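Given chain X, put chain L in place with the hints provided.
From first to last, the protein sequence lines stand for chains X and L.
Its first residue numbered 1, the first sequence is counted upward by one per residue in our numbering.
Its first residue numbered 1, the second sequence is counted upward by one per residue in our numbering.
A hint or two may mislead.
[To be verified] In silico lysine to aspartate or glutamate, DMTMM-like type, Cα no more than 20 Å apart, as pairs:
hint, chain 1, residue 1, chain 2, residue 2
1, X, Lys376, X, Glu176
2, L, Lys207, X, Asp656
3, X, Lys561, X, Glu23
4, X, Lys235, X, Asp207
5, X, Lys9, X, Glu24
6, L, Lys207, X, Glu659
7, L, Lys207, X, Asp586
8, L, Lys207, X, Glu712
9, L, Lys207, X, Glu595
10, X, Lys561, X, Asp656
11, X, Lys376, X, Glu720
12, L, Lys207, X, Glu588
13, X, Lys235, X, Glu223
14, X, Lys561, X, Asp497
15, X, Lys730, X, Glu720
16, L, Lys207, X, Asp647
17, X, Lys376, X, Glu729
18, L, Lys207, X, Glu617
19, X, Lys235, X, Asp497
20, X, Lys265, X, Glu310
21, L, Lys207, X, Glu591
22, X, Lys561, X, Glu28
23, X, Lys265, X, Glu103
24, X, Lys376, X, Glu723
25, X, Lys376, X, Glu727
Simulated from the structure, these hints should not be mistaken for laboratory data.
The model shown is predicted, which means the values in this text are computed figures rather than measured ones.
For reference, the chains in residue letters:
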Amino acid sequence: MARLIRTEKEVEGRFEEVWLVVEEDPLEQWPAGPLAVVGRPAPRKDAAERVRGQARYTADVRLPGMLHAAVLRSPYAHARVRRIDLAPALALPGVRGALGPGEAHELEEEAGFQGAPVAAVAADTFAQARAALDAIDVEWEELEAVLDPEEAVRRALFTGEPRRHERGDVDRALAEADVVVEATYRTQTVLHNSLETHQATCEWVGDTLHVYISTQFIWGVREEIAEALALPQDKVRVVCEFMGGGFGSKNSPDEYTFVAAELAKRTGRPVRCALTRREEHTSAGNRNSTIQRLRVGARSDGTIVALEGEFTNSVGWSGWNSSTEGPMRMLYACDNVRTVTYGARLNTPPMKAFRAPGFVEGTFGLECLVDELAAKLDLDPLELRRLNYAHSNEGTPFSSKNLEECYRLAESHWERRHALRARSDATWKRGVGMASQIWYGGGGPPSYAWARVGSDGRATIVTAMQDIGTGTRTAMAQIAAEELRLPLDRVEVSLGDSARGPYATLSAGSSTTPSMGPAVRAAAADAREQIEDLAEQRGLPRDAPVEEVVDLLEDAQIVGKGARGPNPTGMSVLTFGVHVVEVAVDVETGEVRVERVAAIHDVGRIVNPLGASSQVEGGIIQGVGHTLSEQRLLDPETGGILTTSLDAYRMPTIADVPEIVCEFVDRPDEHLTNLGAKGLGEPPIIPVAAAIANAIRDATGAEVRELPISREEMLRALREAEERAREREKRGAPAAV
Amino acid sequence: MELLRPSSVEELDGGVFLHGGTEVVPLLREGLLRAETLVDVRGLVPRGVREGVIGAGTTLGELEVEPAIPAALREACRLAASPQLRNMSSLGGNLLQATRCWYWRLGYPCRLHGGDRCHARDGEHREHAILANGFCASAHPSDVAAALAALGARLRTTRRQLGVEELYRLPDEGDRRTTTLEPGELILEVELPPVEASAYLKAMDRKRWSFPQVGVAAARLADGSTRLALAGVAPIPWRLDGIEALEAATPLPRTEWKVPLARALVRRALAELG
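The shape of chain X in the complex, shown without the other chains (with noise of 0.2 Å):
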């Protein structure tokens, strides 16, 4: 029965209050463990076409008389379009149609980071398009530009009021704490550059506008769009059947959307807006840099007994402010823990989502934090780090956590650290290191999808959710086929299409496969009992295979529909792991190998081992870029963006991928919904950090409290641990006379 509720709805970290229409999730939990299908390692089903270059992704998309739009951008950090004339590019060869600020949604006046869009301009050719820009006659005013985190905290420019927990008395812990250990973490700006590129292309059909975009979420852009353009929803029909990633950056239409519905409006024709990788680097989004000032108190037993955080986004222009603080209140079992965190409002590009936002930066000040404490007290980070546990979340218990059986399954790879370490020489420094992992990713209502079987005993699920490149298609085939009882070939999904399916999730927060996943067998459980209801009408057994009972149906086919039912109330819900990591460090040039990462997560039942674990391998590899060789560089003076392209920004390359072992606790949540799956795109990048400057610590005994973790970064902890070093020793010298 359809069931309306108030409810608290969780995406990335925020949490907002809404209605939902729930229907009940009667179905009974399947048994741990691999099952017919579920469970059991599955190939891509689009394998073949991805590779054959023949799944048609929105970069791919050429309509007849599709026009190119390029977009004007804010040279300056901070400028008003005082006057601007499109005139002169109107004129010349090739220009249909040209916008102003305040012609298109997000085409502003005031720019307020260098790479802002003001204006745009449609052309037969890309490049007649670009021309065009420069003919742009545009008088700019150039305004304050504020780059400074620490000065836009100074003069309270935030992007919302700063966000304050308190639980506890941290003063009186802080006070009465044994050991008590402080430091500054600082992590840099970092960007998604997507393989695809941000883009759509827009079309009207009659009255009706078809967007082809590149995006994590088509339900949001139908509504964005249908709003911006003050258009009913089912007026605007978005696809996106392959997708070029994302990892955050496109959960929302943005500007070159808007652009080109707008051009597309004007012109008649079809009109296609595709970042370049140049505008990728400087106005697509980026994960924000953050100044973290931590704190932390123990008793001599290694029990924490307060935490303290300051953490400072570096926002930009817009944006929201992540929770930073998340991992501090969340990871361990600690009654005073005080946070504040400041959302700075800059004039830099504005901060998107970005796989685990906050927590890949809070866990790196974090759970270095608990080894330096660690380090402090002689005791072993996996035991302290045991010592700690937290069973519930703050007073709430978790609908399921087994992070104790990670740590278990992590003591085989910990202990390789006695014969690694043995292997250093005086050039070669080894080590190994640990991080905890806690994120969110159980998803939520409300997300629909229907089942289709025919008298060929083949089934099809359909539903408008979008597969951002993680596997989502062939997970939820699985799920079908496991409760239809059918092989895993005789499954379709049709995804990709606003207009053709009920609603879907948004594939942002590791909420896909727990949002979609229990709809998918939802629906396909409902098919299945009415084919039960026809073998039994026949005189067959109920469980009699699917194509027996229905291959007298012809062109009738069976339809089951499926919703995804609510999440437990009173409980929390999240995803756990740990990530042992090796390193090497050669100490004289400050080379940093990453040689084996040993991942251990608990995120439920795992429907796909192999998407598993190349979701797992993803994260570990633009962890390991985020860690020691990516950053966006601006120039301190004018705010402008330097790496603007894949030579200056350096994402790593296949050879800097370690060794990588993928493990899974693979236990379903049974509280959460009839598949008991969380998500896994998030969680395998938190903990890739910490872990690695944790076994960096452990190799040298440099404290890199910094990211990117650079050869000039690790040739200036080495030099700050030897001088450490030797002042130990003067101060030690006269006792051992």
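Just chain L now, with coordinates in the frame of chain X:
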């Protein structure tokens, strides 16, 4: 824009020379280089290796597996760029690469572009020069040029013969160019003297496909002399008299780390010569 394909050196008459295109094409695209006429010189520049002479049209991809050339050059080729780029890029073209200085690449009105200040000195300069950086702090990106400088290579162009070091000049107030190549002059061949041992070591931000933070080439020639040359430390490939010459380095606040790095690599490169 027109593309010419002359069949002999005598036909050359202006234009921008194009060989592998891995540098010229991006520069054209970014508007840093302007050309009415592109001249495809692939038919004019010798390609291949014979008796100590290397055709300037030989690709880096060919040289990285060429047993007949000194280790330093082979290694400099192997550690440069990516396989795709090495398969396109020519030895001669590699010597003429422009700096990766982001201010220059983004068209800031810096000294190298004829302006009156070096933006990198006051700005973001973690990758920049530690030697001869008073006027312009850009760092020369060519691994191959450093290797050839250490190896004492000589170049034959359409107009003259010269030592590889004479190809380069430090930019100054009166002349902002970093090479001595005249308009219309084309590098044809590279000649190497006999070498007893050589090595090239390179520090990068990642393991592959990165310009040198510091590259060190060392060679012991048949005459018994030992020569060092560095990439990524000065606006041009930099000959170093010895490790002690690094004492004279003038790093910027955020390039200090390159000095101990260069020192460590020089020590190792010399040790590799045996």
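Hints and how they fare:
no. : hint                : result
1   : X/Lys376 / X/Glu176 : holds (17 Å)
2   : L/Lys207 / X/Asp656 : holds (6 Å)
3   : X/Lys561 / X/Glu23  : holds (11 Å)
4   : X/Lys235 / X/Asp207 : holds (7 Å)
5   : X/Lys9 / X/Glu24    : holds (17 Å)
6   : L/Lys207 / X/Glu659 : holds (15 Å)
7   : L/Lys207 / X/Asp586 : holds (13 Å)
8   : L/Lys207 / X/Glu712 : holds (16 Å)
9   : L/Lys207 / X/Glu595 : holds (12 Å)
10  : X/Lys561 / X/Asp656 : violated (46 Å)
11  : X/Lys376 / X/Glu720 : holds (17 Å)
12  : L/Lys207 / X/Glu588 : holds (17 Å)
13  : X/Lys235 / X/Glu223 : holds (10 Å)
14  : X/Lys561 / X/Asp497 : holds (18 Å)
15  : X/Lys730 / X/Glu720 : holds (15 Å)
16  : L/Lys207 / X/Asp647 : holds (13 Å)
17  : X/Lys376 / X/Glu729 : holds (18 Å)
18  : L/Lys207 / X/Glu617 : holds (18 Å)
19  : X/Lys235 / X/Asp497 : holds (13 Å)
20  : X/Lys265 / X/Glu310 : violated (48 Å)
21  : L/Lys207 / X/Glu591 : holds (10 Å)
22  : X/Lys561 / X/Glu28  : holds (17 Å)
23  : X/Lys265 / X/Glu103 : holds (12 Å)
24  : X/Lys376 / X/Glu723 : holds (18 Å)
25  : X/Lys376 / X/Glu727 : holds (17 Å)
Against the hints set out earlier in the document, violations occur for numbers 10, 20.
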